[in-house]
Amino acid sequence: MVARKLLREFDTLVKKCAKKWLNLPQRASAEPLYLANKEGGLNIIPVKILADISDVVQAIHLFGSKDPTIRLVAKGALQNAVKKRRINERTLCSKIKRLPINVDPIAGIVHAAAKED
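Going by full-length UniProt numbering, the sequence shown wraps up at 117, each residue one higher than the last.
Honestly, I wouldn't trust all of these hints.
As the list claims (entries may be wrong) - Listed below are the simulated BS3-like cross-link pairs for lysine-lysine, each with C-alpha atoms no more than 27 Å apart in a straight line: (1) Lys5 <-> Lys19; (2) Lys5 <-> Lys16; (3) Lys5 <-> Lys75; (4) Lys83 <-> Lys5.
These aren't lab readings, by the way, just hints derived from the structure by calculation.
Could you put together the complete structure from these sequences and hints?
The structure is reproduced here in structure tokens:
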């Protein structure tokens, strides 16, 4: 497993080089780089996404192992990852609830919260 920070840095470098090759200014949107060829893009897939896909494929292989110890270790790793994710989501949700705005999800409208005096 490669550190995701390094992959983000590599993706940034690829994006800069691709824009340079296309004679696009660096401030231009990166969308044309990621669009499919038939849509006029370069069909570049960020390395970070490829690494995520690789991790999932590797996990699937571990869960399908004939060795029960390997399956048990894979299950434990998955449970730890889910536990960390849930803690992060709870923290994020509590921070969102403290924001001084109200969001109407149906209408997609953001309202400033009324001040209580």
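Outcome of the hint check:
Distance restraint check for Lys5 and Lys19: the Cα-Cα separation of roughly 21 Å lies within the 27 Å cut-off, and the hinted pair is therefore satisfied. Restraint check for Lys5 and Lys16: satisfied, since their Cα atoms lie roughly 17 Å apart, inside the 27 Å limit. With a CA separation close to 26 Å, the supplied pair Lys5 and Lys75 stays within the 27 Å bound. Of the supplied pair hints, the one linking Lys83 and Lys5 holds, its CA atoms being roughly 22 Å apart against a limit of 27 Å.
The structure is consistent with each of the numbered hints, conforming to all of them.
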